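Asks: Here are the chains, one letter per residue:
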Amino acid sequence: MFAGNLTLTVGDFRMASGDFAFESDGVTALFGRSGSGKSTLLRAMAGLDRHTRGRLRFHDEVWQDGRRGLPAEQRDIGMVFQHAALLAHRTVRGNLDFAARRAPTDRGAAIDRDQIIERTGIAPLLDRAVANLSGGERQRIAIARALIGRPRVLMMDEPLAALDWRAKAELLDLFETVIRDFGIPTVLITHAPAEVERLADRVVFMADGRVERVEALREALGRADSPLFTEEGPVASLEGHLEPVADDPHRLSFITRPRAATDMPVTLWLAHDGRPTNTGSRRLRVRGDDVALARGPVTGISVQNQVAGRIEHIETSRPGRAAVFLELADGQRLVSEVTAHTIDSMGLADGQSVTALIKGAALMG
Amino acid sequence: MTLFGIPLETHPIWLTLQVATITTIVLLVIGVPIAWGLSRMRSRWRVVFEALVSLPLVLPPTVLGFYLIIAMNPNGPLTEFLGLFGFSGQLTFNFTGLVIGSVLFSLPFMVQPMMSAFQGLSEEVLDAARLMRAGFVDRFFSVILPLSRQGLLVGSVLTFAHTVGEFGVVLMVGGNIEGQTRMVSIAIFDHVESFEYAQAHLLSAVMVIFAFATLVGVYLINRRFSARLG
Numbered sequence: 080m081f082a083g084n085l086t087l088t089v090g091d092f093r094m095a096s097g098d099f100a101f102e103s104d105g106v107t108a109l110f111g112r113s114g115s116g117k118s119t120l121l122r123a124m125a126g127l128d129r130h131t132r133g134r135l136r137f138h139d140e141v142w143q144d145g146r147r148g149l150p151a152e153q154r155d156i157g158m159v160f161q162h163a164a165l166l167a168h169r170t171v172r173g174n175l176d177f178a179a180r181r182a183p184t185d186r187g188a189a190i191d192r193d194q195i196i197e198r199t200g201i202a203p204l205l206d207r208a209v210a211n212l213s214g215g216e217r218q219r220i221a222i223a224r225a226l227i228g229r230p231r232v233l234m235m236d237e238p239l240a241a242l243d244w245r246a247k248a249e250l251l252d253l254f255e256t257v258i259r260d261f262g263i264p265t266v267l268i269t270h271a272p273a274e275v276e277r278l279a280d281r282v283v284f285m286a287d288g289r290v291e292r293v294e295a296l297r298e299a300l301g302r303a304d305s306p307l308f309t310e311e312g313p314v315a316s317l318e319g320h321l322e323p324v325a326d327d328p329h330r331l332s333f334i335t336r337p338r339a340a341t342d343m344p345v346t347l348w349l350a351h352d353g354r355p356t357n358t359g360s361r362r363l364r365v366r367g368d369d370v371a372l373a374r375g376p377v378t379g380i381s382v383q384n385q386v387a388g389r390i391e392h393i394e395t396s397r398p399g400r401a402a403v404f405l406e407l408a409d410g411q412r413l414v415s416e417v418t419a420h421t422i423d424s425m426g427l428a429d430g431q432s433v434t435a436l437i438k439g440a441a442l443m444g
Numbered sequence: 084m085t086l087f088g089i090p091l092e093t094h095p096i097w098l099t100l101q102v103a104t105i106t107t108i109v110l111l112v113i114g115v116p117i118a119w120g121l122s123r124m125r126s127r128w129r130v131v132f133e134a135l136v137s138l139p140l141v142l143p144p145t146v147l148g149f150y151l152i153i154a155m156n157p158n159g160p161l162t163e164f165l166g167l168f169g170f171s172g173q174l175t176f177n178f179t180g181l182v183i184g185s186v187l188f189s190l191p192f193m194v195q196p197m198m199s200a201f202q203g204l205s206e207e208v209l210d211a212a213r214l215m216r217a218g219f220v221d222r223f224f225s226v227i228l229p230l231s232r233q234g235l236l237v238g239s240v241l242t243f244a245h246t247v248g249e250f251g252v253v254l255m256v257g258g259n260i261e262g263q264t265r266m267v268s269i270a271i272f273d274h275v276e277s278f279e280y281a282q283a284h285l286l287s288a289v290m291v292i293f294a295f296a297t298l299v300g301v302y303l304i305n306r307r308f309s310a311r312l313g
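Going line by line, the protein sequences match chains A and B.
In this text, residue positions in the first sequence follow my numbering: the first is 80, and each later residue adds one.
In this text, residue positions in the second sequence follow my numbering: the first is 84, and each later residue adds one.
Looking at chain B on its own, in the form it has when it is part of the complex (with noise of 0.2 angstroms):
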């Protein structure tokens, strides 16, 4: 394909959005009760765990993704571990590696949102829900997520822009591989090295111009949000 006469390769655009919906609904699946449980733990461990949650944030993606290509070599112990349970294949150098990868980075980007957002729940109106028999299933879903959707809603788009715009981790286990693992943060990269201005040009408007659409989106939604629940 090709804009205002400059080949765009559309793999990297179409492989960075898969990786980032994929991370994003796997996070919906376990950042969401993660951050239930930690905003529910009265334990002093709970600060140990926080810490975890959010070491991605303060360390060098390189390290994040050093440690992951030990742990998901095909001899390391993640590779191991999963052998027991009938699986075969590699995990670096290839999409479920992407995403792995993504959703550890992204962790904190998720349960940080959803943990205030369910912090700042009234018990009040938790107990009210109780005491009209909705259950702990029911009320979740009827009560403690639509209450939090502002929460559920930035946690979505955080893990969703941040998963786009990564770097370090992608290229260290997902590697640079044309056709299977090269994002566009790394092709990009990748123009700039071999002097491709103009790809890297449109590649990089590309990136600004939806990053824009994105926040500008979910401020108004928001807005929205906050007018609805005053």
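Okay, chain A solo, but in the shape it has when bound (with noise of 0.2 angstroms):
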């Protein structure tokens, strides 16, 4: 649990969070645009500006009173920095010694470094100096040694803002996969709604310096304004597991995560370019653009996922468009766009039982 109000003036930027409060578990994504003062925030949560002012409490220990702040090497953070940040005068392994020297013995996430080094594929680069690594071996080598240093929270400044696309697709796997199996408690900062909608529980939203609202990601994906949907249109976000189809390589099959007992999961089929994937627990991101919706179950069409679900509710998404947020019958939402004329013409409204038909291609595994 983080509850607080926290100030900090960095040269013209003011940020005053205004009271927030929210749970520490899972993920938390700190989102905004740039200038919004993800960053200043986080700073000011990790201790690292003597100039912050304010109250923060983290469980029942208290962080910041005023102008007291307690040591930022006393606040048992792992963090990863957007340029990793390490340590250029040691080796990988000199780096991860670095932290594993200072690691508290009686508290904060004991995971065998062994594993770590494995889970983070390092192990080729341990006695490599820094300077030449690629920057998506760096952002592993620098979740490595956060995770190293036992840490009670992780908290991460924009990790992938500077990697190329195939790095970002890897570290981001890397990310859900770790995180969710050493169960320590995150704090990421992202202006990408992508990363929010794979990774985070809950969401931070952030405008002018200041915490505009906490949500979880499912009531922040539940509505048409929210600031997660870009001009690519809602979004939804659907839990389960990847699993491999037996003699063929180019389709992925998807088991979504029923919410509650009573709840049947859903069958997804993805396709597959055959790389060597993440399998199991995974979230799959379905852009409303590529669901569409019929009455019943179509025949003789070339879409494959067909999907039966009931309509939760409909909302505006831009002028002419409508979302169209269905309830599946694993209890997760799906979102479909189309358009307002669609709505008319077949009659759409809530609480109706439809079929959605989500196009292959769109859902990679």
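Quick caveat, the hints were computed from the structure, so don't treat them as lab data.
The structure presented is a predicted model; accordingly, all values stated were derived computationally and were not measured.
Beta carbons: idealized from backbone N, C-alpha and C, even for Gly.
Certain hints may be false.
Stretch by stretch, here's where chain B covers chain A in the computed footprint (C-beta under 8 angstroms, at least three residues) [stated by the list, open to error]: (1) 147 to 154; (2) 294 to 305.
If you want the ones that stay clear, here's a sample from chain B, every Cβ over 10 angstroms from chain A, calculated [unchecked claim]: (3) 105; (4) 225; (5) 250.
Fit the two chains together into the complex; they arrive one by one in their own frames, and the hints show the way.
Replies: Written out as structure tokens, the structure is:
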């Protein structure tokens, strides 16, 4: 649990968060446009700027009270910066040792060092100098180093922003599995909605230097005016399990996780390029644009993923377009974006049962 | 000692090396913290302090030497101030005076390279070290100094070399007492004054070889550092 109200002025920019409170378990995304104060709030929460004022509690520990703050070195935070911030005078192993030697023995996440190295895939890099590593490699080391320090909270400041798309995709997979499997409370700064949808459990929306609202991801994705929706329109995020399909390297199956015991899982088929991929617990991002609606199952059509759902509510998403939010058999939510004309001509209304047709190509494993 | 049949006084050489070594050590101890403080200073007084530290660069050595003689003569303010702590003795025209003069005169040669090294450090890296629970002293010795080693090396060598090459301040504060405060640069001046060109040649050659070897060494080490740090 983080609760507080912090202010910090850096140059001309003033961050005044206002009162905020959010659970710390799982992944919390600090989301906002650049200049909205995300990084400033994170620095204030980490205790990195002595000009921070206000209040901050982490569970029942006081981290900031007026001018007085608990020193950053005593907060047990594992930090991953945008540019990794590795120690250039040490090898990769030396960087890990630096964290290990100063890690507490009586608290924080005790994860086996070899396991961290294996999961982050940095074993071949251990004896390298950090100067000539790629951006993706640097971030892998940064996250390994943060985990080895036995943090109680992991903080990441736009860790993917400086990477090319391939490294970004690989690290997103890594973060998704590592954060979940090791179960370390994480605060992630990002301005990319796709990262929020893949990783976050809740979203702290920031604008103009203050916290606008805190929402669970499900709520944040349940309204057409969500700041998470960009020009690509409304998006849904499904939780589930990714599995290979026997005899077909170009398909994967995604079995969604039911929200309640009475709910039924839904199976979706994904196109796959055959590359090795992280199967297991995953999230699937489905754009509303790629979901068409029908009154019932359709035969003789190329769309393979046909899923029954019930219309939760319909909202105008932009002029002439509407977002249709559907509840699936698994209790999770899917969204379809159609024209306002379609709503009228099909007579779609809340509570109706429909079939969602999801284009397979949209779901890359 | 004679070299090529020419008498070579070794005392000025040893004295010069001693003064330069001690000056470098003293400046590492006091110049590095000054450089750190200045590099982190956000106050508008910073320019004043920076200008003060750099004064010896632009002042004629005789000006600095003159003020030092005034301050350090047996009745001068510095001597009287030290007297409060039980100091008795003389500051000028001896080894102590030579070191004090050299330290002040070489201050900018240590502080400026260190300041630019400190200013070039990445804030993110220092923050990362803090969050890995490294307190200030830990951080200073395990992150800040190792990452600033190029500045440390350049500052130390410049200080040492500059002290070896000093003339005006050491002449005014130390005098030219044979076997006590006569440093190499003064000895050469002396020989030239007395038309002892052979001795002047020999000492000068020793200085040239020493200076050249030092600089080559520095550039070699410097190149290795840059390659390692990328």
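Asks: Next step is simple, just say for each hint if it's right about the structure.
Replies: Now the hints, each set against the structure:
Counting residues of the stretch 147 to 154 of chain A whose beta carbon lies closer than 8 angstroms to any beta carbon of chain B gives 5, which reaches the threshold of three, so the coverage claim holds. Here's how the stretch 294 to 305 of chain A fares: 0 of its residues keep a CB closer than 8 angstroms to some CB of chain B, so the rule of at least three is not met and the hint is violated. Residue placement check: residue 105 of chain B keeps its beta carbon more than 10 angstroms from all beta carbons of chain A (closest about 28 angstroms). Here residue 225 of chain B does not stay apart from chain A, with its beta-carbon only about 7 angstroms from theirs, under the 10 angstroms limit.
For residue 250 of chain B, the shortest C-beta to C-beta distance to chain A comes to about 38 angstroms, beyond the 10 angstroms cut-off, and the non-interface label holds.
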